[in-house]
Amino acid sequence: MTVQDGHHGAEVAERTEKRWAMISIIIIVMLVLLAAFAGIHQATMPQARVETTDPARLHLSGEFVESNLGTAAEADGTVTVRAIGQQYSFTPSCILVPAQTPVTLRATSADVVHGILIQGTNVNTMLVPGYVSEQFMRFEKTGDHLMPCQEFCSFGHEGMWGKVKVIDKTEFASRAKNRGRLSCVGE
Amino acid sequence: MLVNRKLILAHFWLAFGGFGLALLLGAWQMFVRSPLYAWISNPEWYYRSLTAHGTVMGYVFPTLVAMGFGYAITESALQQRLVGVRWAWAGFWLIVLGAVMAMVPVALGRASVLYTFYPPLIGNAFYYVGVVLVVVGSWIWVALMSINLRVWRREHPGEPVPLAMFANVAGSYLWAWTAVGAALELLLQIIPVALGWKTTIDAGLARVFFSWTLHAIVYFWLMPTYIAYYTIVPRAIGGRLYSDSMGRIAFILFLIVAMPIGIHHTFADPQVGAGFKFIHSAFTALVALPTLLTVFTICASVEIAGRLRGGRGLFGWIAVLPWKNPIMLAVAFSFVLLGFGGAGGLINMSYQLDTTVHNTQWITGHFHLIFGGAIVIMYFAIAYDLWPHLTGRALPDLRLARAQLWLWFVGMIVTTFPWHWVGILGMPRRMAYYDYADPAISPQAFSVTLSAIGAIILLISGLLFLFILATAHRQTATEAGAYRFSVAVHPPTTVPIALNTFALWVALMIGLTVTNYGYPIAVLASRPDTSVPAVYVGAQ
Ligand code: HEM
Ligand SMILES: [Cu+2]
Ligand SMILES: [Cu+2]
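Quick note, the sequences are listed as chains A and B, same order. Number 1203 in the numbering used here belongs to position 186 of the first sequence; there are no gaps in the numbering. Number 475 in the numbering used here belongs to position 454 of the second sequence; there are no gaps in the numbering.
FYI, nobody ran anything at the bench for these hints, they're computed from the structure. Each residue gets a CB set at the ideal place from its N, CA and C atoms; glycine is no exception. A hint or two may mislead.
Not close to chain B: a few residues of chain A, all C-beta gaps over 10 Å, as computed [to be verified]: (1) GLU1091; (2) SER1110; (3) CYS1111; (4) ARG1155.
Part of the chain B face toward chain A, derived, beta carbon under 8 Å [said to hold, decoys possible]: (5) LEU135; (6) ARG228; (7) MET267; (8) ASP290; (9) GLN292; (10) ARG450; (11) LEU471; (12) THR551.
So that you can see chain A by itself, here it is in the shape it has in the complex (with noise of 0.2 Å):
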């Protein structure tokens, strides 16, 4: 490129100038696409309804009541986890789910705005009071991870870490004929 003033340069400017602005506008439109289709053929998408839930009856009824909450073996052969984030802790502090199986988590916060990130995944959700949050995950591993709050909940929020540990398949399936709900608290 040359430094020109006259009407001549003004044009080749022009011209470079659109051609580079094309470029860019290409790019971007790709970038749409691409995350369009990775929204639309792989797992991992958000959300697709809001469901509400009233925090400050979660303990009395509803499906976030102690006695509900774990993981649960459902009759097709997946398991749906329901966990709650109230501060300082998760109920339950130790998920267990089997490797190789569909899980959906349901989630939601007693109190104040948590989160709960699974290192290891990209498992990774807010929990806002009053809202239910729901996550497919599938661990093809089995193994332990660290589950920690990744939202700041108030002067303790760096002691809320829980754990996930990823069972054998069978061997989840023999623990899930004794119990309703499992979990791995105290193992």
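Chain B with the ligands: place on chain A using the hints.
Structure of chain B with the ligands alone, referenced to chain A:
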């Protein structure tokens, strides 16, 4: 023609003074939560510090820089005395009052809610009222920018508004509108609860209101930096601006597309449905456009400077650039940091990738890289460039300025690269303490230590910056001449009305906000079952 130098200096000094204190807190936070420090006996102190650091760095410091720079632009680009000087001082003192009012309860531990507020956690009402006063003070500035432009237009009918002022006013309108989200949240939801008039609050709706502010505020932080790219850099390094119209288009695009995309901050939230998340995610991609255009225009402008200095060949022009000039150095560093930060931004933008990094230390690493790095390093450049015109004295020693910029650049990389990495490992953010003895956490210890070392480098650089500005006041007097902005290769003689006025673009900005936010807000606000009991900080 900088007449109201005292006003401008007051803004810059308050901005940089606050920055210095907040920087000290930042470095302390980095240290106490690293393996270098054994155990913070009272984690509550960490959250006080974090609330102060975030509030000052996020709300007070960049707002004051934008205001001071805006007043300087008004007087020098329009070449007219600032209209409404008393109002400008009123705005300044409102910000002082607001900042002090907000920081007292924070220091007392009564408002450790962090700068994002997130109800139903509720702190002392003075904190929120103080933040509102800071915003109101800045709105006075917005009005003044608009009024001064109008006065100028009356005297120069049909003439192109100088690019610096055009961009400055665009930035002020963007700020005025984006602040409305948090203002609604504070005035309608939080403050009534903080004062005890109400005891319940819709936490989900509050997060949606806050997201209205949270995205576009980052473009407000970025405005002074982009204005400097276009209107200071080419002049300071002896080049020309490649294209004046492209600059106008970029700033107009920011005005339009920065707003209707904030719901990407609620990707992981349960109170917003998938549809609006997708719409905002697609719009978010658009916001890369003005930045891509800017990168091209500025690189081309810098190339012109290199060619004018006799540089030849494909890359020969780079070597001959005035590397001893602090502005040249700053813009180069800023672009490198912007490149890395932009790549990280593309990752955050995608819903699928965001799930692995959401609310981890990746995010804090990312915004320190972009905001603390790419943006703030140009705030330094603006100060260095303007200072001789404000003080009537030359900077003490350019070697010091260069060393300061180098330290900031290196410090940012040393701090933020490992910071991103521990985020990928799943380290959550905003925690006062991490148990590095836990085998699952111990792999993060080394990276966090590196970040803490970077923090020391940044702190040294920041203090050096303040030292340079302070000692500049005691140099011998020189005549700095009129403060000028870059000249375009083809300076505009006439500009299409669309690139010279704002009515259409402001209408679009508001219209797009209403279409992209109206429905989610209306639905949440009209649901009767979403309010939850407030939890008062310090009440436990
Ligand atoms: C010495 C340099 C700096 C250090 C060491 C530092 C350190 C930190 C740390 C440790 C946090 C808390 C992160 C967490 O626990 O999640 C933080 C938050 C924050 N920093 Fe900095 N910081 C520095 C400079 C800056 C600069 C220059 C800016 C912008 C101008 C900035 C803006 C912020 C903001 C807005 C937050 C709030 C984040 C939140 O509440 O999660 N910081 N910083
Ligand atoms: Cu927490
Ligand atoms: Cu954003």
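Restraint check, 8 Å cut-off on beta carbons, for ASP290(B) near chain A
5 Å, holds
Restraint outcome when MET267(B) is required to lie within 8 Å of chain A by C-beta distance:
Where the cut-off is 8 Å and the nearest Cβ of chain A is about 6 Å from MET267(B), the hint holds.
With chain A as the partner, please determine if THR551(B) meets the hint condition of a C-beta pair closer than 8 Å.
Given a least distance of 5 Å, the restraint on THR551(B) holds.
10 Å Cβ clearance of SER1110(A) from chain B:
15 Å, holds
Return the status of the interface hint for ARG228(B): holds when the least beta-carbon distance to chain A is below 8 Å, violated otherwise.
7 Å, holds
Given ARG450(B) as an interface hint, is its Cβ closer than 8 Å to any Cβ of chain A?
7 Å, holds
So, as I understand it, the hint says GLN292(B) touches chain A; can you test that by seeing if any CB pair is closer than 8 Å?
5 Å, holds
Once the closest CB in chain B is found, is it more than 10 Å from ARG1155(A)?
14 Å, holds
Just to be careful: measuring from the Cβ of LEU135(B) to every Cβ in chain A, is the smallest value less than 8 Å?
5 Å, holds
May I ask you to check that GLU1091(A) keeps its beta-carbon over 10 Å from the closest beta-carbon of chain B?
GLU1091(A) is indeed farther than 10 Å from all Cβ atoms of chain B, at 21 Å.
Taking the closest pair, is the beta carbon of CYS1111(A) still more than 10 Å from chain B?
Correct as stated: the minimum Cβ-Cβ distance to chain B is 14 Å, above 10 Å.
Hint LEU471(B) vs chain A: min CB-CB distance below 8 Å?
Since the shortest Cβ distance to chain A is 20 Å, the answer is violated.
The earlier numbered hint that this structure contradicts is number 11, and it is the only one.
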